[in-house]
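> For reference, the chains in residue letters:
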Amino acid sequence: MLKNIYLVSLLLFLSITINAQKKLNNSDAQKIREQIIKKSTSTNTIASDFVQFKHLSFLDKDIESSGKLFFKEPNLIKWQYEIPFKYSVVFKNDKLFINDDGTKSDIDLSSNKAFKSLNSLIVKSVKGDMFDEEKFDVTYFKDKRDNYLITFTSKEASLKSFIGKFELIFHKNNLDVLQIKMIESSEDYTKIVFKNQKNNEAISDSVFNN
Amino acid sequence: MKQFLIRFLITSCLSVFLFSCSLITTKNLIKQTPTEQFVYNPYFNNQTIDYIYKAKIKLAKNNFGGLLIIKKIKEKQHRVVFTTEFGNKIFDFEFINNDFKVNFILDKLNRKIVINALKKDFQLLVKEQNKVMNQFSNKENVIYQSKLNKKDNYYFHENKQLRKIVMTSKKKEKVSIYFDKITNKIAKKVVIKHHNFKMTLNLEYIN
Chain H
1 MLKNIYLVSL
11 LLFLSITINA
21 QKKLNNSDAQ
31 KIREQIIKKS
41 TSTNTIASDF
51 VQFKHLSFLD
61 KDIESSGKLF
71 FKEPNLIKWQ
81 YEIPFKYSVV
91 FKNDKLFIND
101 DGTKSDIDLS
111 SNKAFKSLNS
121 LIVKSVKGDM
131 FDEEKFDVTY
141 FKDKRDNYLI
151 TFTSKEASLK
161 SFIGKFELIF
171 HKNNLDVLQI
181 KMIESSEDYT
191 KIVFKNQKNN
201 EAISDSVFNN
Chain P
1001 MKQFLIRFLI
1011 TSCLSVFLFS
1021 CSLITTKNLI
1031 KQTPTEQFVY
1041 NPYFNNQTID
1051 YIYKAKIKLA
1061 KNNFGGLLII
1071 KKIKEKQHRV
1081 VFTTEFGNKI
1091 FDFEFINNDF
1101 KVNFILDKLN
1111 RKIVINALKK
1121 DFQLLVKEQN
1131 KVMNQFSNKE
1141 NVIYQSKLNK
1151 KDNYYFHENK
1161 QLRKIVMTSK
1171 KKEKVSIYFD
1181 KITNKIAKKV
1191 VIKHHNFKMT
1201 LNLEYIN
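Same order as they appear, the protein sequences are chains H and P.
Per the working numbering, the first sequence runs over residues 1 to 210.
Per the working numbering, the second sequence runs over residues 1001 to 1207.
Think of the hints as simulated: they come from the structure by calculation, not from any bench.
Be aware that a few hints might be false.
When the alpha-carbon atoms are kept at most 27 Å apart in a straight line, the in silico DSS-like pairs for lysine-lysine are as follows [unchecked claim]:
1. H:Lys-61 with P:Lys-1101
2. H:Lys-104 with P:Lys-1189
3. P:Lys-1198 with H:Lys-104
4. H:Lys-86 with P:Lys-1189
5. H:Lys-191 with P:Lys-1108
6. H:Lys-95 with P:Lys-1198
7. P:Lys-1188 with H:Lys-86
8. P:Lys-1189 with H:Lys-61
9. P:Lys-1056 with H:Lys-92
10. H:Lys-61 with P:Lys-1188
11. H:Lys-95 with P:Lys-1058
12. P:Lys-1061 with H:Lys-95
13. H:Lys-195 with H:Lys-22
14. P:Lys-1058 with H:Lys-104
15. P:Lys-1056 with H:Lys-181
16. P:Lys-1108 with H:Lys-104
17. P:Lys-1151 with P:Lys-1174
18. H:Lys-191 with P:Lys-1056
19. H:Lys-86 with P:Lys-1193
20. H:Lys-135 with P:Lys-1108
21. H:Lys-165 with P:Lys-1108
22. H:Lys-61 with P:Lys-1127
23. H:Lys-86 with P:Lys-1198
24. H:Lys-61 with P:Lys-1074
25. H:Lys-86 with P:Lys-1061
26. H:Lys-142 with H:Lys-124
27. P:Lys-1108 with H:Lys-124
28. H:Lys-61 with P:Lys-1181
29. H:Lys-160 with P:Lys-1112
30. H:Lys-181 with P:Lys-1108
31. H:Lys-104 with P:Lys-1061
32. P:Lys-1188 with H:Lys-104
33. H:Lys-165 with P:Lys-1101
34. P:Lys-1056 with H:Lys-86
35. H:Lys-104 with P:Lys-1193
36. P:Lys-1074 with P:Lys-1188
The following label-pair restraints were derived from C-beta to C-beta distances [claimed, not checked]:
37. P:Lys-1189 with H:Thr-41: 44 to 50 Å
38. P:Thr-1183 with H:Gly-102: 23 to 29 Å
39. P:Asp-1180 with H:His-171: 43 to 49 Å
40. P:Lys-1150 with H:Asp-101: 35 to 41 Å
Just so it is clear, CB atoms sit at the ideal spot from N, CA and C, and this is done for glycine as well.
In isolation and in its complexed conformation, chain P is listed as follows (with noise of 0.2 Å):
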């Protein structure tokens, strides 16, 4: 009885450590060798194209709606411009290879916590190449794993066609971008989810 009881609390110990420490992205998934060097986003890399979504966020129980504009300015340069329906511009940010560029914030944003938090979910939106570090699969998908800013991101590809970011510390995942309604190279739906806070933004395309 004892041994069993001993045996019971190491198992469940383990168990509870194993669960802990192992990360939900990759559960069930089968470790590969990497067939691809690197992985690429398709969603916002043509030049021609001006990238235009009406957005609703929903922050806790609070609902705020804009315009997210997207624009290939350069190669490896990307505008990204968020406004009301109005037109004021709430920020404008540039990302230029791997740097980053504030054109314009208000005032009332204008924090470091605030531009790092958004800095990190649009440059994973519009970073169009990544090193692939691993290569996982499943039933449906093949996964690559790379990394951004000592986060690691997973690549979900299901019949060849990026489906989903997933953004993850070591332990847990931070954010997650769905990209649905695909045609001619464009997500016309596109969802970021944190799943450390309570927020959403919904993205449709209009142009």
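So here's chain H without its partners, still in its complex pose (with noise of 0.2 Å):
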């Protein structure tokens, strides 16, 4: 008796641990990336708060930043920390400007491939549109809270060796980009949450002068 509500409860964790993620049918997939891309297409500045946690297998905690994230077409980015450090770096014109609380420094990607192929990657997991079948093996879930989990498994080498895989949820309804995970090969990895997201609102130039 005891074995059998034994064996039960451990049939009924596993199908809930099975249901917390499950994979999309082939034509589910199909559409839901087609509404991403045409999301992806029709926004065009996001402005939205985020909450980074940079998970290490051997600390205790997550090391946990946040701040703004400002985004503008074609690609224009910017990253502002703003707790537990001041910090900000724009991606413009195939150039990284870094301000270091006061601190200005700016790096030329132009010659950095690696980096700058991560950086236009960056961009693409903002706006949700990463899905370059050359460059990754796409697999669609749907999570726990019924949003999509889109897992992009890096095939290329270079990349492979520092992000391994990346793992974007996506709003249910809306289709916002809510969480982009960057996992390592070594199984670290880095989430960032996104809060107050505003689509479609103006934001001035001015904003990514860094």
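These two chains come separately, so use the hints to put the complex back together.
Here is the structure:
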């Protein structure tokens, strides 16, 4: 009897864990992919708060930082960290403009292929448009809150060496990107959670002067 | 006159010789009989603390930033990881006793000379217990001399608190590490300064 209860609860537990992440069938996956691309092309600006969690397996706690993100078509992006340190970085014209609590510097990315491709991926991930089958194996799920969880597993060796997999979560109704998770081959990851996201509101170019 | 000139030349030659040979670190220090067998660095020795620092690196005229993460994993075992503010790993080192392991380093930095330079700095930073070879003092400090990787390290203590480590060759200072804003055995400000090339690492505790 006890054994049966144990078995049933184990099965129940297993089915719950399986249900927590349900793989979409091909036609649903195709549909959601089209909707996300459509939404992404109609998104010209994004302004959002974010909280970043850096997970390193050997630490007791994730390292938490937070700030604001600004995106403007075609490829202007600014990450403005406010807590626990002031640091902002703008990607503009193949360059990184950094303001490290007043210390300004810039890095030319045109010669740094790996970083450039990472940057373009970050822009694409913020917009949700990462569906490049040559670069990634893409898999579609629904998570426990019915949001869409899409995983992009790197195929390119150069990218794989620092980020093996991207996991993006899209809101079940409006398809906003709720979360980006960048998972290293070591399984350590960076998770960025977006809050108070506003799409297609005017953002002045001067925001991107760093 | 001639005699004076000869004497002058001998003295100046001698003083140049003496000056060039003497290490500035131990200048004006009084040598003592060691009272301690070991000198300790207490700033990274608590296994329950994640030591997280915002780092600013100045190399010649260039500035770089990131996070320096130090964790004592086990007795005599430290993990030292440097990431960008974004969280991308630049390098991930492990110090086990006197052994050293590279868990990860960006391809661009994966050169023996870079790894060795980083290894030396961070080993000096996290090494907890060091055998005292000599002991010195001056008005403010008690200084313990120790040895690591064929280099001499001088541990400066002020009011029994470690405030500076200077790594030297026989003749020259190579690296100085300054510990400041110390509360509860945490150095909230750490500066690592290289003397043979223009590189300074400024660390501010954020955790």
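> State for each hint whether it applies.
So, going through the hints one by one against the coordinates:
With a C-alpha separation of about 23 Å, the suggested pair Lys-61 (chain H) and Lys-1101 (chain P) falls inside the 27 Å cut-off, and the hint holds. Restraint check: the Cα-Cα separation between Lys-104 (chain H) and Lys-1189 (chain P) comes to about 21 Å, which is no more than 27 Å; the hinted pair holds. As the CA atoms of Lys-1198 (chain P) and Lys-104 (chain H) are separated by approximately 19 Å, the hinted pair is consistent with the 27 Å bound. A threshold of 27 Å between alpha carbons decides the hint, and for Lys-86 (chain H) with Lys-1189 (chain P) the separation of about 17 Å falls inside it, so the pair holds.
Using a Cα cut-off of 27 Å, the hinted pair Lys-191 (chain H) and Lys-1108 (chain P) holds, with the two alpha carbons roughly 25 Å apart. In summary, the hint linking Lys-95 (chain H) to Lys-1198 (chain P) is supported, as the alpha carbons are separated by about 25 Å, within the 27 Å threshold. Our distance criterion of 27 Å between C-alpha atoms is met by Lys-1188 (chain P) and Lys-86 (chain H), whose separation comes to about 17 Å. As the CA atoms of Lys-1189 (chain P) and Lys-61 (chain H) are separated by approximately 21 Å, the hinted pair is consistent with the 27 Å bound.
For a cut-off of 27 Å, the pair hint linking Lys-1056 (chain P) to Lys-92 (chain H) stands: about 23 Å separates their Cα positions. The straight-line distance between the Cα atoms of Lys-61 (chain H) and Lys-1188 (chain P) is roughly 19 Å, inside the 27 Å bound, and the hint therefore holds. A distance of roughly 20 Å separates the Cα atoms of Lys-95 (chain H) and Lys-1058 (chain P); the hinted pair therefore holds under the 27 Å criterion. Under the criterion of a C-alpha separation no larger than 27 Å, the hint pairing Lys-1061 (chain P) with Lys-95 (chain H) is consistent with the structure, at around 18 Å.
A distance of roughly 25 Å separates the Cα atoms of Lys-195 (chain H) and Lys-22 (chain H); the hinted pair therefore holds under the 27 Å criterion. For the given pair, Lys-1058 (chain P) sits about 12 Å from Lys-104 (chain H) by alpha-carbon distance, which is consistent with the 27 Å threshold. With a C-alpha separation of about 26 Å, the suggested pairing of Lys-1056 (chain P) with Lys-181 (chain H) holds against the 27 Å cut-off. A hinted pair counts as satisfied when its Cα atoms are at most 27 Å apart, and Lys-1108 (chain P) with Lys-104 (chain H) qualifies at roughly 23 Å.
Proposed proximity of Lys-1151 (chain P) and Lys-1174 (chain P) is supported: the alpha carbons are some 9 Å apart, at most 27 Å. Distance restraint check for Lys-191 (chain H) and Lys-1056 (chain P): the Cα-Cα separation of roughly 23 Å lies within the 27 Å cut-off, and the hinted pair is therefore satisfied. At most 27 Å may separate the alpha-carbon atoms for a hinted pair to count; Lys-86 (chain H) and Lys-1193 (chain P) meet this at roughly 23 Å. Taking the CA atoms of Lys-135 (chain H) and Lys-1108 (chain P), the gap is near 22 Å; set against the 27 Å cutoff, the hint holds.
A distance of roughly 21 Å separates the Cα atoms of Lys-165 (chain H) and Lys-1108 (chain P); the hinted pair therefore holds under the 27 Å criterion. With a C-alpha separation of about 23 Å, the suggested pairing of Lys-61 (chain H) with Lys-1127 (chain P) holds against the 27 Å cut-off. Between Lys-86 (chain H) and Lys-1198 (chain P) the CA atoms are separated by roughly 25 Å; this keeps the pair inside 27 Å, and the hint holds. In summary, the hint linking Lys-61 (chain H) to Lys-1074 (chain P) is supported, as the alpha carbons are separated by about 17 Å, within the 27 Å threshold.
At roughly 21 Å between alpha-carbon atoms, Lys-86 (chain H) and Lys-1061 (chain P) fall within 27 Å of each other, so this suggested pair holds. Of the supplied pair hints, the one linking Lys-142 (chain H) and Lys-124 (chain H) holds, its CA atoms being roughly 21 Å apart against a limit of 27 Å. With a C-alpha separation of about 25 Å, the suggested pairing of Lys-1108 (chain P) with Lys-124 (chain H) holds against the 27 Å cut-off. Of the supplied pair hints, the one linking Lys-61 (chain H) and Lys-1181 (chain P) holds, its CA atoms being roughly 23 Å apart against a limit of 27 Å.
In summary, the hint linking Lys-160 (chain H) to Lys-1112 (chain P) is supported, as the alpha carbons are separated by about 23 Å, within the 27 Å threshold. Simply put, Lys-181 (chain H) and Lys-1108 (chain P) have alpha-carbon atoms about 24 Å apart, close enough for the 27 Å limit, and the pair holds. This hinted pair checks out: Lys-104 (chain H) and Lys-1061 (chain P) have alpha carbons roughly 11 Å apart, not beyond 27 Å. As the CA atoms of Lys-1188 (chain P) and Lys-104 (chain H) are separated by approximately 23 Å, the hinted pair is consistent with the 27 Å bound.
For the hint linking Lys-165 (chain H) to Lys-1101 (chain P), the alpha-carbon distance of about 25 Å falls within 27 Å, and the restraint holds. Taking the CA atoms of Lys-1056 (chain P) and Lys-86 (chain H), the gap is near 12 Å; set against the 27 Å cutoff, the hint holds. For the hint linking Lys-104 (chain H) to Lys-1193 (chain P), the alpha-carbon distance of about 21 Å falls within 27 Å, and the restraint holds. This hinted pair checks out: Lys-1074 (chain P) and Lys-1188 (chain P) have alpha carbons roughly 22 Å apart, not beyond 27 Å.
About 48 Å separates the C-beta atoms of Lys-1189 (chain P) and Thr-41 (chain H), a value consistent with the hinted range of 44 to 50 Å. Against the hinted window of 23 to 29 Å, the Cβ-Cβ separation of Thr-1183 (chain P) and Gly-102 (chain H) comes to about 25 Å, which satisfies the hint. In this structure the supplied range 43 to 49 Å holds for Asp-1180 (chain P) paired with His-171 (chain H), their Cβ-Cβ distance being about 46 Å. Under the hint 35 to 41 Å, the C-beta atoms of Lys-1150 (chain P) and Asp-101 (chain H), about 38 Å apart, fit the expected range.
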